[in-house]
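Construct the entire structure; sequences and hints are all you get.
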Amino acid sequence: MPLVFAGACSHAPGITGRAERADPATRDAFYAAFGRLRQALEATRPDALIVVAAEHFANFFMNNMPAFAIGMAEHYEGPIEDEAWLGIRRRRIPGSRDLSQRLIAQVMHSVDVAYAEEWLFDHGIMVPLHFLTPRFDLPVIPANINCQGPPLTPLHRAYDFGRALRRACDHVPERVALIGTGGLSHWPATPNSGKINEAWDRDFLARWAANRRDDLLSYTDEGTYREAGQGGFEIRTFIAVAGAAEDATGEILFYRPIPVFAVGCTTAVMSLAGS
Amino acid sequence: MSLYYVQKLLYQLNRDPELRRRFAADAEPVLAAHELTTEECDAIRQADIGLLYVLGVNGQLLMHYAALRGFEWAAYLEAMREGMRRHGPVRAGVYAMVQE
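Residue numbers (the working numbering), protein chains in the order written: chain A, 10 to 284; chain B, 48 to 147.
I should point out that these hints are in silico values taken from the structure, not numbers from a laboratory.
Distance condition first, Cα-Cα at most 20 angstroms in a straight line; then the derived SDA-like pairs of lysine to any residue:
(1) B:LYS55 x A:PRO75
(2) B:LYS55 x A:MET71
(3) A:LYS204 x B:ALA121
(4) A:LYS204 x B:PRO136
(5) B:LYS55 x A:PHE69
(6) A:LYS204 x B:ARG128
(7) B:LYS55 x A:ASN155
(8) B:LYS55 x B:PRO76
(9) B:LYS55 x B:ALA80
(10) B:LYS55 x B:ARG69
(11) B:LYS55 x A:ASN68
(12) A:LYS204 x B:GLU125
(13) A:LYS204 x B:VAL141
(14) B:LYS55 x A:PHE70
(15) B:LYS55 x A:PRO160
(16) B:LYS55 x A:GLY158
(17) A:LYS204 x B:ALA122
(18) B:LYS55 x A:ASN73
(19) B:LYS55 x A:ASN72
(20) A:LYS204 x A:THR35
(21) A:LYS204 x B:MET131
(22) A:LYS204 x B:ALA143
(23) A:LYS204 x B:TRP120
(24) A:LYS204 x A:TYR264
(25) B:LYS55 x A:ALA76
(26) B:LYS55 x A:PHE66
(27) A:LYS204 x B:MET144
(28) B:LYS55 x A:PRO159
(29) B:LYS55 x B:THR84
In structure tokens, the structure reads:
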């Protein structure tokens, strides 16, 4: 089946973990936007959901860091963080080893992706799932792009990873949905936590919605670090979604900086033909 | 200066309760098992979050180590700011990739 859904959203741990510290009206508007993203996802009746994430040393460390990885397990567990800190209860999340294996085999035609038969979900996957599959009943296939620190995969390779995921999804009979999750500008876990470059974010989201490849790939890591912080490296997840939805344009459902969540809170969806 | 091994030890302490127990009982053998400088050992032993930040530890590791050592979120952020006041800008790692 052709890929049935491609969207993107934020995943910062404060979204659930520091919920009570946010302005209630802004927070609830963002949660409602997550609800609209969930409805859009559910309307495509997916059999499985690929989450393209940018994990934070939950599974992959600097002793052996894959640029790209995809999970290949029958089930996963998360969150790895303290449940009270994140505000999400630890649980088992269904996967599909068989579907993962078939997708990975296809992706490998163009991307040397690492596979992982164990994967602990951190907030980067758990926060999106908390809103998008609140019953945690949809099989999830985690995918990761190293965004933690250099050497980082070039942006055009993140775009091509998205293309490869798209080709793989088109190749299998299941109805597969895809969501990319990351921050735009943010300075997580540093003295600048809470800083958000709204103008930079809005410009990036305009490029993403237009899905003009050259505009999306024109960032340098040094420029991104200066303007958008280390967290800005996570634009790779959004860029992968753009690659997966190469011929489509997107819609930004919600964007608003929420400093106590330490990120410009975003939900967005690509308009895939036929989905 | 062995930032990689500082980060590796913090990563392991963050996720391994048995290692945490051994570290709490006697930090020295745990520290000695890694290639660390005296300054790095002191920073880890004393939970000098500010110095660890200046040495270049990634915040995604440091925030969890800080929580483990009893730092509330605001205290964690302040400890990093104090570290920069005492020791200057971050010396290595991802936060030193662009010189301000």
